[in-house]
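Asks: Position chains B, C and D relative to chain A; hints supplied.
Protein chains: 4
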Amino acid sequence: MMADKNKTLRLLKTARGQLDGILKMVEEDRYCIDISQQVMATEALLNRVNREILTAHLRGCVQQAATAEDRGEKVEELIATLDKILK
Amino acid sequence: MMADKNKTLRLLKTARGQLDGILKMVEEDRYCIDISQQVMATEALLNRVNREILTAHLRGCVQQAATAEDRGEKVEELIATLDKILK
Amino acid sequence: MMADKNKTLRLLKTARGQLDGILKMVEEDRYCIDISQQVMATEALLNRVNREILTAHLRGCVQQAATAEDRGEKVEELIATLDKILK
Amino acid sequence: MMADKNKTLRLLKTARGQLDGILKMVEEDRYCIDISQQVMATEALLNRVNREILTAHLRGCVQQAATAEDRGEKVEELIATLDKILK
Numbered sequence: 001m002m003a004d005k006n007k008t009l010r011l012l013k014t015a016r017g018q019l020d021g022i023l024k025m026v027e028e029d030r031y032c033i034d035i036s037q038q039v040m041a042t043e044a045l046l047n048r049v050n051r052e053i054l055t056a057h058l059r060g061c062v063q064q065a066a067t068a069e070d071r072g073e074k075v076e077e078l079i080a081t082l083d084k085i086l087k
Numbered sequence: 001m002m003a004d005k006n007k008t009l010r011l012l013k014t015a016r017g018q019l020d021g022i023l024k025m026v027e028e029d030r031y032c033i034d035i036s037q038q039v040m041a042t043e044a045l046l047n048r049v050n051r052e053i054l055t056a057h058l059r060g061c062v063q064q065a066a067t068a069e070d071r072g073e074k075v076e077e078l079i080a081t082l083d084k085i086l087k
Numbered sequence: 001m002m003a004d005k006n007k008t009l010r011l012l013k014t015a016r017g018q019l020d021g022i023l024k025m026v027e028e029d030r031y032c033i034d035i036s037q038q039v040m041a042t043e044a045l046l047n048r049v050n051r052e053i054l055t056a057h058l059r060g061c062v063q064q065a066a067t068a069e070d071r072g073e074k075v076e077e078l079i080a081t082l083d084k085i086l087k
Numbered sequence: 001m002m003a004d005k006n007k008t009l010r011l012l013k014t015a016r017g018q019l020d021g022i023l024k025m026v027e028e029d030r031y032c033i034d035i036s037q038q039v040m041a042t043e044a045l046l047n048r049v050n051r052e053i054l055t056a057h058l059r060g061c062v063q064q065a066a067t068a069e070d071r072g073e074k075v076e077e078l079i080a081t082l083d084k085i086l087k
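Residue numbers (this note's numbering), protein chains in the order written: chain A, 1 to 87; chain B, 1 to 87; chain C, 1 to 87; chain D, 1 to 87.
Think of the hints as simulated: they come from the structure by calculation, not from any bench.
In this text, all values refer to a predicted model and were calculated from it rather than measured experimentally.
Among the hints, a few may not be true.
Identical copies go unnamed one by one, so any copy, or any two together, can satisfy a pair.
As the list claims (entries may be wrong) - When the alpha-carbon atoms are kept at most 20 Å apart in a straight line, the in silico EDC-like pairs for lysine to aspartate or glutamate are as follows:
| hint | residue 1 | residue 2 |
| --- | --- | --- |
| 1 | 5 | 28 |
| 2 | 84 | 29 |
| 3 | 5 | 29 |
| 4 | 84 | 52 |
| 5 | 87 | 70 |
| 6 | 24 | 70 |
| 7 | 24 | 73 |
| 8 | 13 | 28 |
| 9 | 7 | 69 |
| 10 | 7 | 70 |
| 11 | 84 | 69 |
| 12 | 7 | 27 |
| 13 | 5 | 20 |
| 14 | 5 | 27 |
| 15 | 7 | 52 |
So that you can see chain A by itself, here it is in the shape it has in the complex (with noise of 0.2 Å):
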């Protein structure tokens, strides 16, 4: 993985934080909309976790594929991510 590692590693425990908290917000039947809230805000999280992934992805496995065809295997597989983003 071409991110930076402690960055990405504290994103996501940060991630599980708040899931745990909206686990404990359901099992106490808090409001609907403060969950939802915290709902959105841990997937804005994993949003920016993945654009983090993308943007080293594309600057180093991308940008340094030696090969055609491994520049073509790459063009590949970030068409089918790119087709799950825009679905």
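Replies: Just chains B, C and D now, with coordinates in the frame of chain A:
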């Protein structure tokens, strides 16, 4: 919370398990695209949880809001939530 | 429609003007990324129009729904709309 | 532009026709939710156009970038595009 508690807890625990898996992938320096796909799968799961929570909220809290004042409050909360979703 | 008519018409006409511009760019075989950015700008504009329309709908039609039956109908419409947005 | 020109023009002209229809709906004060659905349908169409353009761009311009410098430029453009999409 109006959504089905067990179903919501089950979806959230699945998301948490996926998050633990992603942390492990990052620790093990796995391939960027594989990690990205897992992050997007977890985002999709949280998106589903949010949908369940907001749907039950609409059918419960919003629809059964007794007074005009209560309805007004619920509507403003929905507008703020929609702003986040559509930003 | 409850949203400000002039404002909504103005935003939509701007989007249509952008769309004409994009058609021209494609005819002229302009660079992919330049076209992509214009398409995303037009999507963002339509997203804003949708937000204005749904916000005014919530404050108008939903909040002022007189009968329980009417409220129920409005809630089901919102759920269907939310499903599309959050899919 | 690398994407199929006729297909792209056809999709864009369909979107433009939908936009004209939405303008008419607003002029005629049609129901909010009906207008919202048409706006979202047009957004989905533009989203598909963007996907076609970026897919062809990846397979064309990015994959065939001859020099390291050219590849670097293409990668930075993709990162900026991804930032907009994932914002």
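Asks: Hint by hint, say whether it matches the structure.
Replies: Going down the list of hints, with the structure as the test:
1. 5 / 28: For residue 5 and residue 28, the Cα distance is within 20 Å only across copies (10 Å; inside one copy 35 Å).
2. 84 / 29: Answer is neither: 33 Å inside a copy and 23 Å across each miss the 20 Å cutoff.
3. 5 / 29: Close across copies (8 Å), not inside one copy (36 Å); limit 20 Å.
4. 84 / 52: Answer is both; intra-copy 17 Å and inter-copy 13 Å each pass.
5. 87 / 70: Neither way: residue 87 and residue 70 sit 26 Å apart in one copy and 29 Å across, limit 20 Å.
6. 24 / 70: Neither, since 46 Å and 26 Å both go past 20 Å.
7. 24 / 73: So residue 24 and residue 73 fail the 20 Å test inside a copy (43 Å) and across (25 Å) alike.
8. 13 / 28: Between copies only: 16 Å across, 23 Å inside.
9. 7 / 69: Answer is neither; intra-copy 32 Å and inter-copy 28 Å both fail.
10. 7 / 70: neither (28 Å within a copy, 29 Å between copies)
11. 84 / 69: Neither: 23 Å inside a copy, 29 Å across copies.
12. 7 / 27: For residue 7 and residue 27, only the inter-copy Cα distance (12 Å) is at most 20 Å; the intra-copy one is 31 Å.
13. 5 / 20: between (22 Å within a copy, 15 Å between copies)
14. 5 / 27: between (33 Å within a copy, 8 Å between copies)
15. 7 / 52: within (9 Å within a copy, 31 Å between copies)
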